[in-house]
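Peer 1: Protein sequence lines, in the order shown, are assigned to chains V and Y.
Using UniProt numbering, read the first sequence as starting at 1 and increasing by one per residue.
Using UniProt numbering, read the second sequence as starting at 1 and increasing by one per residue.
These are computed hints drawn from the structure, not numbers from a lab.
Keep in mind that this is a model prediction, so the values were computed, not measured.
Any given hint could be a false lead.
As a list, the in silico PhoX-like pairs of lysine-lysine whose alpha-carbon atoms are at most 25 Å apart [said to hold, decoys possible]:
#, chain 1, residue 1, chain 2, residue 2
1, V, 161, Y, 681
2, Y, 440, Y, 404
3, V, 276, Y, 681
4, V, 276, Y, 175
5, Y, 57, Y, 107
Now the in silico label distances, taken between C-beta atoms and shown as ranges [to be verified]:
#, chain 1, residue 1, chain 2, residue 2, range
6, Y, 603, V, 286, 54 to 64 Å
7, Y, 727, V, 40, 39 to 49 Å
8, V, 7, Y, 553, 52 to 62 Å
9, V, 190, Y, 566, 35 to 45 Å
10, Y, 660, V, 187, 44 to 54 Å
11, V, 7, Y, 649, 53 to 63 Å
12, V, 286, Y, 566, 17 to 27 Å
13, Y, 350, V, 190, 48 to 58 Å
14, Y, 721, V, 89, 54 to 64 Å
15, V, 187, Y, 638, 55 to 65 Å
16, Y, 536, V, 41, 46 to 56 Å
Note that CB positions come from ideal geometry on N, CA and C, so glycine has one too.
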Amino acid sequence: MRPILLQGHERALTQVKYNKDGDLLFSVSKDHVICVWYSQNGERLGTYNGHQGAVWTIDPNPSSTILASGGADNTIRLWDMKTGKLFKTWEFPTAVKRVEFTEDGLFVLGTTEERMGHLGTIVVYPVNPDIEGEQVNEPSLRIVCETKKKAVVAAWSYLGKYIIAGHEDGSVSQYDGKTGEQLLNVPVHERGMLIMDMQMSADKTYFITASKDKSAKIIDVKTLNILKKFETDTPLNTAALTAKKEFVILGGGQEAMNVTTTSARQGKFEARFYHKIFEDEIGRVRGHFGPLNTIAVHPAGVSYASGGEDGYVRLHHFDKGYFDFMYEVERTRAQH
Amino acid sequence: MTADEFYDDEEEIDFSDLREQYEVKLEEGLDTFVVIDGLPKVPEDNKPKLVKFLVKKLQAVGTTKEDAVYMPMGDDGQSQGFAFVEYETATQAAQAVKKLNGLALDKKHTLAVNKLTDIERYGREGRIDEKYVDPEPEPFVEQEHLRSWIGDVRARDQFVLFRGDTVGVYFNNKKDSPEMTVERQFWTESFVRWSPLGTYLTSLHPQGVQLWGGSSWKRMARFPHPAVNLVDFSPNEKYLVTWSNKPIVYQEGMPGLTPEEDGKTYVVWDVNTGKLLRSFPPIENPQEADKPPNLRKKIQWPLFKWTADDKYCARVTPGSSISVYETPSMVLLDKKSIKLEGVVDFEWSPYAPTEDEAKKASGEQLLCYWTPEINNQTARVSLMAIPSKEIIRTRNLFSVSDCKLHWQSEGAYLCVKVDRHSKRGKSTFTSLEFFRIKEKNIPNEPIEIQDTVINFAWEPKGDRFVLITAGELPPAGAAPAPPKTSVSFYAPEKTKSPPTGPFRLIRTIDKRNSNAIFWSPKGRFCIVATINSQVSHELEFWDFDFDGEKKESEKDLAANLQLIGTVEHYGVTDLEWDPSGRYAVSSSSMWKHTMENGYHMWDFKGNSLREDHIERFKQFSWRPRPPTMLSKEQQKQVRKNLREYSRQFDEDDLILESEASATIIEARRRLLEEWRAWRSKTERELEEEREDLGLPPLGVDEEKDMEGATVIEEIVEEVIEEKEEEIA
Numbered sequence: 001m002r003p004i005l006l007q008g009h010e011r012a013l014t015q016v017k018y019n020k021d022g023d024l025l026f027s028v029s030k031d032h033v034i035c036v037w038y039s040q041n042g043e044r045l046g047t048y049n050g051h052q053g054a055v056w057t058i059d060p061n062p063s064s065t066i067l068a069s070g071g072a073d074n075t076i077r078l079w080d081m082k083t084g085k086l087f088k089t090w091e092f093p094t095a096v097k098r099v100e101f102t103e104d105g106l107f108v109l110g111t112t113e114e115r116m117g118h119l120g121t122i123v124v125y126p127v128n129p130d131i132e133g134e135q136v137n138e139p140s141l142r143i144v145c146e147t148k149k150k151a152v153v154a155a156w157s158y159l160g161k162y163i164i165a166g167h168e169d170g171s172v173s174q175y176d177g178k179t180g181e182q183l184l185n186v187p188v189h190e191r192g193m194l195i196m197d198m199q200m201s202a203d204k205t206y207f208i209t210a211s212k213d214k215s216a217k218i219i220d221v222k223t224l225n226i227l228k229k230f231e232t233d234t235p236l237n238t239a240a241l242t243a244k245k246e247f248v249i250l251g252g253g254q255e256a257m258n259v260t261t262t263s264a265r266q267g268k269f270e271a272r273f274y275h276k277i278f279e280d281e282i283g284r285v286r287g288h289f290g291p292l293n294t295i296a297v298h299p300a301g302v303s304y305a306s307g308g309e310d311g312y313v314r315l316h317h318f319d320k321g322y323f324d325f326m327y328e329v330e331r332t333r334a335q336h
Numbered sequence: 001m002t003a004d005e006f007y008d009d010e011e012e013i014d015f016s017d018l019r020e021q022y023e024v025k026l027e028e029g030l031d032t033f034v035v036i037d038g039l040p041k042v043p044e045d046n047k048p049k050l051v052k053f054l055v056k057k058l059q060a061v062g063t064t065k066e067d068a069v070y071m072p073m074g075d076d077g078q079s080q081g082f083a084f085v086e087y088e089t090a091t092q093a094a095q096a097v098k099k100l101n102g103l104a105l106d107k108k109h110t111l112a113v114n115k116l117t118d119i120e121r122y123g124r125e126g127r128i129d130e131k132y133v134d135p136e137p138e139p140f141v142e143q144e145h146l147r148s149w150i151g152d153v154r155a156r157d158q159f160v161l162f163r164g165d166t167v168g169v170y171f172n173n174k175k176d177s178p179e180m181t182v183e184r185q186f187w188t189e190s191f192v193r194w195s196p197l198g199t200y201l202t203s204l205h206p207q208g209v210q211l212w213g214g215s216s217w218k219r220m221a222r223f224p225h226p227a228v229n230l231v232d233f234s235p236n237e238k239y240l241v242t243w244s245n246k247p248i249v250y251q252e253g254m255p256g257l258t259p260e261e262d263g264k265t266y267v268v269w270d271v272n273t274g275k276l277l278r279s280f281p282p283i284e285n286p287q288e289a290d291k292p293p294n295l296r297k298k299i300q301w302p303l304f305k306w307t308a309d310d311k312y313c314a315r316v317t318p319g320s321s322i323s324v325y326e327t328p329s330m331v332l333l334d335k336k337s338i339k340l341e342g343v344v345d346f347e348w349s350p351y352a353p354t355e356d357e358a359k360k361a362s363g364e365q366l367l368c369y370w371t372p373e374i375n376n377q378t379a380r381v382s383l384m385a386i387p388s389k390e391i392i393r394t395r396n397l398f399s400v401s402d403c404k405l406h407w408q409s410e411g412a413y414l415c416v417k418v419d420r421h422s423k424r425g426k427s428t429f430t431s432l433e434f435f436r437i438k439e440k441n442i443p444n445e446p447i448e449i450q451d452t453v454i455n456f457a458w459e460p461k462g463d464r465f466v467l468i469t470a471g472e473l474p475p476a477g478a479a480p481a482p483p484k485t486s487v488s489f490y491a492p493e494k495t496k497s498p499p500t501g502p503f504r505l506i507r508t509i510d511k512r513n514s515n516a517i518f519w520s521p522k523g524r525f526c527i528v529a530t531i532n533s534q535v536s537h538e539l540e541f542w543d544f545d546f547d548g549e550k551k552e553s554e555k556d557l558a559a560n561l562q563l564i565g566t567v568e569h570y571g572v573t574d575l576e577w578d579p580s581g582r583y584a585v586s587s588s589s590m591w592k593h594t595m596e597n598g599y600h601m602w603d604f605k606g607n608s609l610r611e612d613h614i615e616r617f618k619q620f621s622w623r624p625r626p627p628t629m630l631s632k633e634q635q636k637q638v639r640k641n642l643r644e645y646s647r648q649f650d651e652d653d654l655i656l657e658s659e660a661s662a663t664i665i666e667a668r669r670r671l672l673e674e675w676r677a678w679r680s681k682t683e684r685e686l687e688e689e690r691e692d693l694g695l696p697p698l699g700v701d702e703e704k705d706m707e708g709a710t711v712i713e714e715i716v717e718e719v720i721e722e723k724e725e726e727i728a
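Sequences are here, hints too, so could you generate the full structure?
Peer 2: Laid out in structure tokens, this is it:
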């Protein structure tokens with residue numbers, strides 16, 4: 001599995017994401033630029049310029065027409081994916097850490113930081129799919145988090161029914177997608193351990209969280225029951241579910257602030273593959289020389305991309321061995 | 001009823017406060033007095049003479065004078081045979097009791113010296129029963145079997161693992177996770193250590209050393225040496241030596257210690273009784289004393305070296321003598337140290353003479369020592385027989401900078417590694433002096449090595465050896481990279497009958513980083529490793545009796561050397577073979593660095609069996625096994641039927657493996673079923689919800705899209721450069 005090294009950013013990667021068709025890969029970094037690449041060969045199509053600070057998050061809408069991004073310049077921006085034209089900017093008092101479209105692409109959510117007296121919020125805006133059309137200025141929903149309990153990451157459940165948020169205290173909340181009412185709040189990770197990433201399954205009925213407490217957990221959207229957990233020996237920044245195969249990919253490594261004082265070997269800057277159902281570690285992929293900040297898997301499960309603190313995106317296409325790998329029990333079951 | 005009540009009742013006067021005062025005075029003031037008994041009875045005229053004589057004797061341990069001796073006279077004009085003596089200090093008085101009690105004056109008279117306070121304490125009427133009563137024998141309590149682990153049905157070996165604050169002892173399960181027998185938090189405060197036969201696990205604490213054993217891992221013994229740093233056992237684990245860098249400061253009431261131990265740093269203990277046998281003060285090395293503490297040479301450990309049968313123990317006082325002590329009394333052999341001017345180091349032969357041999361004159365213990373060049377005398381290596389102290393062999397050596405003594409494990413050979421310098425003292429090289437102890441007149445065989453030998457190791461119970469040489473060491477402070485090393489393998493020439501032939505080089509492997517040699521305890525296999533290195537972490541597994549084609553050039557040698565495996569263990573700091581020589585464990589301890597701590601288990605061929613990364617991993621140590629109790633014939637029988645046994649073991653392994661994998665497969669099947677069941681449930685629920693909302697089932701719209709879609713393949717060609725060249 002020979003990776004394609006995408007050298008387009010000058011600073012640490014913050015998020016990478018495939019579009020729904022899987023032909024495009026978007027990457028954002030602290031260098032203010034959004035890049036888009038062909039996922040097949042790693043060629044860069046272009047950039048989206050306009051953010052005035054680190055870009056924290058990115059999400060293409062399901063029909064691959066609109067791109068939403070959020071960053072440290074306290075804005076959520078909507079871009080014409082095809083032309084790279086910025087057509088809407090929503091401003092906030094604090095930085096935006098996460099944006100995500102609903103599966104029908106008609107709403108977008110964003111999480112804002114708790115800073116300088118402003119509480120962390122989750123905001124929802126309706127999005128007009130017509131790029132030439134008018135966009136609203138005010139959010140349709142605004143959920144305010146308790147102090148010291150800001151939402152770091154958030155995602156839509158199936159049918160936009162719930163908003164699931166991961167908080168800085170290690171707990172996960174379930175909000176009603178329409179009213180914003182908090183329905184559940186469950187401590188999932190160790191108290192006070194930041195939840196760094198949350199990614200939904202393809203049908204958005206379960207999701208995986210990655211936490212600084214060195215573990216990742218798969219949780220049921222409806223009940224917030226923990227279904228699986230994966231223990232590692234390093235703080236995790238990101239976790240992704242693979243399509244086609246029943247695996248998860250975890251990424252992390254030593255804190256960025258300590259990296260310069262330790263060798264790459266000790267930093268544990270590897271993408272780790274675990275079996276989703278058996279919770280066993282299957283393999284590791286080396287390559288980054290800084291912690292992995294973000295991992296995304298191709299919607300069809302044919303490749304994955306990882307973005308590191310080292311400023312590189314590594315794009316891996318799985319080879320035959322990966323798809324052939326099966327546990328004995330899986331094989332016997334598959335034959336039946 | 002106490003004495004106070006008694007007086008109160010009888011006389012109704014409370015003078016207990018007065019008595020208390022009086023008693024205190026007695027304790028304080030009379031500590032310097034001793035009572036001497038067993039003196040000859042003399043008339044008044046001879047009294048001054050006797051006193052004078054006595055004082056002379058008494059001054060051996062402290063200061064006293066004739067005035068301080070009070071010898072009461074009886075009514076018959078004769079002295080009574082006892083005297084009271086006052087010393088200058090209480091310690092001197094205590095010394096007198098210790099040293100002079102039992103001293104024979106002449107054939108008839110033996111001194112009995114006691115503290116006056118003791119006589120007060122025990123001599124008063126009623127304090128001690130007049131009639132001797134036999135002490136009640138303690139009822140017999142069955143003790144746990146100290147070697148119970150040997151009885152494991154699967155004959156597995158145990159090991160101790162120290163990680164974080166937890167110490168645990170486990171059975172080795174090869175590829176599977178080890179089976180825990182005991183695990184305790186804070187079991188030791190610095191490290192743990194097995195006794196040489198594996199009976200006890202030693203833990204170290206600020207208060208001293210503790211031994212643990214038996215199947216319940218209960219405490220077997222305690223040795224209260226405060227601030228103990230190091231421990232060492234005698235080979236048969238009868239005795240224990242402890243050392244602390246802080247001299248013992250004796251205080252009243254310290255258990256197990258006496259004022260004698262004040263200022264001592266080494267203590268020798270009897271393991272079975274837990275009693276202190278003797279303590280020793282630190283050895284002052286005059287050259288070292290001037291240096292600041294951090295520049296001084298590390299202490300030599302073990303300082304006390306034991307013969308293989310625990311009969312003698314000896315230590316060197318560098319530059320002057322070797323002291324040999326007899327056990328269990330720990331008294332100097334013939335009451336004096338062996339004066340050997342300049343002596344640097346010595347080693348006992350590891351061979352223990354059998355009982356029959358010991359009766360003969362030739363069955364003595366051998367001790368090898370070396371002395372450097374001093375006073376126009378060449379450096380020399382000598383072999384001395386103990387207890388006769390007869391020197392049975394010496395060899396003179398020239399231009400010696402250092403010597404290391406390497407005995408073969410059965411004491412059949414001795415290799416003296418002599419580091420020598422050229423006449424100008426600029427370049428160094430090594431020569432190996434071999435002595436064949438079992439052959440007549442102990443013949444000597446030198447081998448010259450051009451480089452400096454940094455490591456040497458005999459094959460256990462064998463006659464082959466491995467050495468590692470290093471090129472010129474770079475001057476201090478220069479390039480930090482250690483020089484490349486070479487590994488050389490040696491074996492004796494083949495001979496039809498004993499004695500074994502001369503030692504010959506089999507092969508040298510150049511340009512290595514290797515620095516350590518680990519022979520399998522059963523011989524034949526050997527691991528050459530690079531440990532504690534930043535650059536290289538290789539372990540090479542060598543077989544000395546490889547079952548295969550032999551090189552033509554080596555056909556005369558009693559070995560067929562073959563590299564059978566090379567592996568890497570990042571950050572390896574330690575390596576240990578299990579007692580059976582089947583497995584080797586390399587470990588990476590947080591005591592040396594904090595990268596990838598844990599251990600890695602290999603079989604003797606270098607196949608990886610198990611890898612365990614453990615945070616805050618500190619120590620791994622196999623539990624030693626006591627020597628086999630099978631007779632030579634029985635062992636031969638086992639070897640003969642090895643095929644049969646190994647078939648049985650293979651079968652057992654197979655059954656175990658299939659059992660284990662069956663449980664794992666069962667667990668996985670369950671997990672898989674659970675997951676599938678949950679998935680189909682949520683998928684069904686999702687479909688229902690979509691239906692309620694009037695949405696098409698998931699995935700349908702995509703398929704529809706795909707139907708109408710056409711795949712357009714676009715080939716874009718770009719001309720990068722066009723060039724025209726004229727060909728002449």
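Peer 1: Work down the list of hints and note, for each, if the structure agrees.
Peer 2: Hint by hint, here is what the structure shows:
no. : hint                       : result
1   : V:161 to Y:681             : 18 Å, holds
2   : Y:440 to Y:404             : 24 Å, holds
3   : V:276 to Y:681             : 18 Å, holds
4   : V:276 to Y:175             : 24 Å, holds
5   : Y:57 to Y:107              : 16 Å, holds
6   : Y:603 to V:286: 54 to 64 Å : 27 Å, violated
7   : Y:727 to V:40: 39 to 49 Å  : 40 Å, holds
8   : V:7 to Y:553: 52 to 62 Å   : 54 Å, holds
9   : V:190 to Y:566: 35 to 45 Å : 42 Å, holds
10  : Y:660 to V:187: 44 to 54 Å : 36 Å, violated
11  : V:7 to Y:649: 53 to 63 Å   : 57 Å, holds
12  : V:286 to Y:566: 17 to 27 Å : 21 Å, holds
13  : Y:350 to V:190: 48 to 58 Å : 54 Å, holds
14  : Y:721 to V:89: 54 to 64 Å  : 43 Å, violated
15  : V:187 to Y:638: 55 to 65 Å : 60 Å, holds
16  : Y:536 to V:41: 46 to 56 Å  : 39 Å, violated
Hint check: violations occur at hints 6, 10, 14, 16; the rest are consistent with the structure.
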